[in-house]
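Participant: Single-letter residue listing:
2 protein chains.
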Amino acid sequence: MPPDGVPLDFRIETTSGKARAGRLITPHAEVETPVFMPVGTLGSVKAIPQDTLEELGAQIILGNTYHLYLRPGVETVRRMGGLHGFMSWPRAILTDSGGFQVFSLNELRKVTEEGVTFRSHLDGSSHFFTPESAMEAQIGLGADIIMAFDECTEFPVDRERMRASMELTARWAARSKAYFEDHKHEVPWAGNAHVGTDAFVRPAGQSSTFADDPNRNAGKAEVGSSRKEAAELRSAGRTNASVPTWAEQTQALFGIVQGGMDRDLRRESALRTIEIGFSGYAIGGLSVGEPRELTREIVESTLEHLPADKPRYLMGVGTPEEIVEYANLGVDMMDCVLPTRAARHGLLFTSEGKVSIKQARYAQDQGPLDPNCGCRVCRRYSRAYLRHLYASNEVLAQVLNTIHNLSFYLDTMRRVRHSIRLGEECGFLSSVWSRPKP
Amino acid sequence: MPPDGVPLDFRIETTSGKARAGRLITPHAEVETPVFMPVGTLGSVKAIPQDTLEELGAQIILGNTYHLYLRPGVETVRRMGGLHGFMSWPRAILTDSGGFQVFSLNELRKVTEEGVTFRSHLDGSSHFFTPESAMEAQIGLGADIIMAFDECTEFPVDRERMRASMELTARWAARSKAYFEDHKHEVPWAGNAHVGTDAFVRPAGQSSTFADDPNRNAGKAEVGSSRKEAAELRSAGRTNASVPTWAEQTQALFGIVQGGMDRDLRRESALRTIEIGFSGYAIGGLSVGEPRELTREIVESTLEHLPADKPRYLMGVGTPEEIVEYANLGVDMMDCVLPTRAARHGLLFTSEGKVSIKQARYAQDQGPLDPNCGCRVCRRYSRAYLRHLYASNEVLAQVLNTIHNLSFYLDTMRRVRHSIRLGEECGFLSSVWSRPKP
Chain A
31 MPPDGVPLDF RIETTSGKAR AGRLITPHAE VETPVFMPVG TLGSVKAIPQ DTLEELGAQI
91 ILGNTYHLYL RPGVETVRRM GGLHGFMSWP RAILTDSGGF QVFSLNELRK VTEEGVTFRS
151 HLDGSSHFFT PESAMEAQIG LGADIIMAFD ECTEFPVDRE RMRASMELTA RWAARSKAYF
211 EDHKHEVPWA GNAHVGTDAF VRPAGQSSTF ADDPNRNAGK AEVGSSRKEA AELRSAGRTN
271 ASVPTWAEQT QALFGIVQGG MDRDLRRESA LRTIEIGFSG YAIGGLSVGE PRELTREIVE
331 STLEHLPADK PRYLMGVGTP EEIVEYANLG VDMMDCVLPT RAARHGLLFT SEGKVSIKQA
391 RYAQDQGPLD PNCGCRVCRR YSRAYLRHLY ASNEVLAQVL NTIHNLSFYL DTMRRVRHSI
451 RLGEECGFLS SVWSRPKP
Chain B
31 MPPDGVPLDF RIETTSGKAR AGRLITPHAE VETPVFMPVG TLGSVKAIPQ DTLEELGAQI
91 ILGNTYHLYL RPGVETVRRM GGLHGFMSWP RAILTDSGGF QVFSLNELRK VTEEGVTFRS
151 HLDGSSHFFT PESAMEAQIG LGADIIMAFD ECTEFPVDRE RMRASMELTA RWAARSKAYF
211 EDHKHEVPWA GNAHVGTDAF VRPAGQSSTF ADDPNRNAGK AEVGSSRKEA AELRSAGRTN
271 ASVPTWAEQT QALFGIVQGG MDRDLRRESA LRTIEIGFSG YAIGGLSVGE PRELTREIVE
331 STLEHLPADK PRYLMGVGTP EEIVEYANLG VDMMDCVLPT RAARHGLLFT SEGKVSIKQA
391 RYAQDQGPLD PNCGCRVCRR YSRAYLRHLY ASNEVLAQVL NTIHNLSFYL DTMRRVRHSI
451 RLGEECGFLS SVWSRPKP
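If you read the protein sequences in the order shown, they are chains A and B.
For reference, each letter of the first sequence is one residue, going 31 to 468 in this note's numbering.
For reference, each letter of the second sequence is one residue, going 31 to 468 in this note's numbering.
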């Protein structure tokens, strides 16, 4: 349990070179680091039931605020006790700020000092996110770790634009922090949340994040009883209990370092973000199309400016090789859609290299997908069967492919942690992994 | 273990009224009857991993010969040791003859005394099924129970057409039986299969079922080694072992009674089919659009003509209410796509009636889908979450909905068997089940 009033406890237990093995103690669960976080965009890691995720050893998953805000809406999730209760996930959750999706899914967005106007990719409806409303949404979703609202810029971009964007992100970080400090006790599972008439008052001039939600007012009145029901569920031993084990706990807020591909801007962004003060620090704005060498260079140089005693989260990265590489550089947390998205396209990661299971060469292949993998897919099914499922558009292809790829990523991180604890460089990962199978 | 040389042992252990509770001992597994068989069209019960099917208590599943013949092709399945090895399913399997799909998916089919010419629904390619080639395909697929090739007629149809069709089915049944007796030892898992040069010779004038399969000849040479590999897998304790536990075993062939909605034609069809002699008898050609009262009447009258000591299989039926009703009439085996197909459309069967989970009324519903159900979906997730997954087109909706519906069907049959053993009428099923939830 973290010290009273501290939302997150991070303990580095071993280091090996720059790499650190430790433990992140969040309100809902402990997380061993370095950790890979599967992406559960809409409150579901696509195609995978929660009990399977547990069996795979997923310790923390990521939810996308932008998507959950549009469907099913923050108020619905809040009334279920937050994302933990809504999706029946008792372990840790992190939500992003929505910034990345607002910028990547919306060509017609309009950015001002105040915030971003954007259109829903679902129905074209207009919405407005500010640092404050993004915090409000993330507090309602109730993840263990939430992210400051940042601007994500396109790549490549000129230095002036990049500096202006980095400075805007810094100002938004300060506003995110201020709103969070004032409202953090409104998290649906907080024991001492005060849900009063002022709880949802918006800063002057801002429209409600939830203005389009017809259930908004109904929900407001029931937040208290919803929390009570959740507590009753917990005491009854129901598996969808979602209330953390100590009552005074709140969420942890992380800041995001931007600055594009410029080492000086990254340094400045890091210093300004640290000055505001967060429970952890993320590196954003990478893996946006730049060469991999440049990503590594920026990650390495940015890490030098981050405090050693706080968790470091590299956003949206990467291949199996990359997650090992960045763990070696001292990154503690990573997330990426690659294992789940690639699985849906029949691209599977194995100890012998990448396998594109759709290929006709596997049609008669009776061997397991990966002879060195102990996951339930590799233990039971042949490549021929997986190829048949994919070629026949069977939904089971997506289920089994995703189970294997997640198993591969989570197992890779398990081995990384083990190597660090043994004091070894994580050299077990040969470069063959990300190449097509010979 | 069935007596030597008998492919199937059927033991009626208790009767209650017309209902029978018993045990069907197939080459791969014992099956408690009455049994509901989930449909696994393409070697996959859609969206459900095999270990989940096992946990749900599925004892026997159904594969569609038509679909498997087109994808991945019979020879591919044969080389994997049959469907059991191909899909890694150690329990019992039944395949249909392909007749139903040939007739229901092909408007341009052409029927002659010899067989049916039809076009693939996938690519329009032309194919020819005869009783012999349908048997050849089913022997290659290697299910425990296979079906005689029959003609399925449209509904409604005049009596002359129905009589002619019933008589054609009877002649095809005799040809199916004859081919099966000559070739049954070619099943991929048969200990004494003789795969020689004559094993694939077709009756004069018939083209090969596999003429379009480029792997045909390659596969032929490897059937033996494939069987040997399967035996090695089994002795190594691999979960995808697919060789039955005694070596002399072959598949069991069931005949199909047709005759439309005419009780006299049904009686005549039953007598002619019994005269040919099969290990079990199916009632086909029902649930094709006729009123439910008529279905029941035809089932009831046809059952009177079937031998009491052989398993009775009612094909393609039905709702939860219907499977209980027909078990009460003395049916031992049933299959239906309803639980799996309805699940994909968000239609869920519960002890309180049908639930259309897409409805907005469930958006805030924190209760379980069915408070009286102990399946892993009802234990863990709320209606609100299931509704969100469905409304958001998440693949997990299909996975979880299918798990629940199959659990409901299999649990219903478990209760039917229990009631019969207690000597009760299976009256626990109220008619509320198939009505929409009030």
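In case anyone wonders, no lab produced these hints; they're calculated from the structure.
Quantities reported herein were computed from a predicted structural model and do not represent experimental measurements.
Keep in mind that a hint or two might mislead.
Identical copies go unnamed one by one, so any copy, or any two together, can satisfy a pair.
[Said to hold, decoys possible] BS3-like, lysine-lysine: derived pairs with alpha carbons at most 30 Å apart:
| id | residue 1 | residue 2 |
| --- | --- | --- |
| 1 | Lys340 | Lys384 |
| 2 | Lys140 | Lys388 |
| 3 | Lys340 | Lys388 |
| 4 | Lys388 | Lys214 |
| 5 | Lys384 | Lys214 |
| 6 | Lys140 | Lys340 |
| 7 | Lys384 | Lys76 |
| 8 | Lys340 | Lys48 |
| 9 | Lys388 | Lys76 |
| 10 | Lys388 | Lys207 |
| 11 | Lys207 | Lys340 |
| 12 | Lys140 | Lys48 |
| 13 | Lys388 | Lys48 |
Participant: Now look at each hint and say whether the structure bears it out.
Facilitator: Tested hints:
For a Cα distance limit of 30 Å, the shortest separation of Lys340 from Lys384 qualifies neither inside one copy, at 34 Å, nor across copies, at 52 Å. When the C-alpha separation of Lys140 and Lys388 is checked against a cutoff of 30 Å, the pair qualifies neither within a copy, at 41 Å, nor between copies, at 34 Å. In this assembly of identical chains, the alpha carbons of Lys340 and Lys388 never lie at most 30 Å apart, being 43 Å within a copy and 44 Å across copies at closest. Taking CA atoms no more than 30 Å apart as the test, Lys388 paired with Lys214 passes in neither setting, with 48 Å inside one copy and 34 Å between copies.
Taking the shortest Cα distances, Lys384 and Lys214 never come within 30 Å of each other, neither inside one copy (44 Å) nor across copies (41 Å). In the homo-oligomer, the alpha carbons of Lys140 and Lys340 never lie at most 30 Å apart, since the shortest distance is 34 Å inside one protomer and 74 Å across protomers. Within a single copy, Lys384 and Lys76 get their C-alpha atoms as close as 21 Å, and across copies as close as 26 Å, so both meet the 30 Å cut-off. Taking CA atoms no more than 30 Å apart as the test, Lys340 paired with Lys48 passes inside one copy only; the shortest distance there is 14 Å, against 72 Å between copies.
With identical chains, the CA atoms of Lys388 and Lys76 are at most 30 Å apart both within one copy (20 Å) and between copies (19 Å). Within a single copy, Lys388 and Lys207 get their C-alpha atoms no closer than 47 Å, and across copies no closer than 38 Å, so neither meets the 30 Å cut-off. Proximity of Lys207 to Lys340 under the C-alpha cut-off of 30 Å is restricted to the intra-copy arrangement: shortest distance 17 Å within a copy versus 74 Å between copies. Taking the shortest Cα distances, Lys140 and Lys48 never come within 30 Å of each other, neither inside one copy (40 Å) nor across copies (73 Å).
In the homo-oligomer, the alpha carbons of Lys388 and Lys48 never lie at most 30 Å apart, since the shortest distance is 40 Å inside one protomer and 51 Å across protomers.
Going down the numbered hints, you'll see the structure goes against 1, 2, 3, 4, 5, 6, 10, 12, 13, while the others check out.
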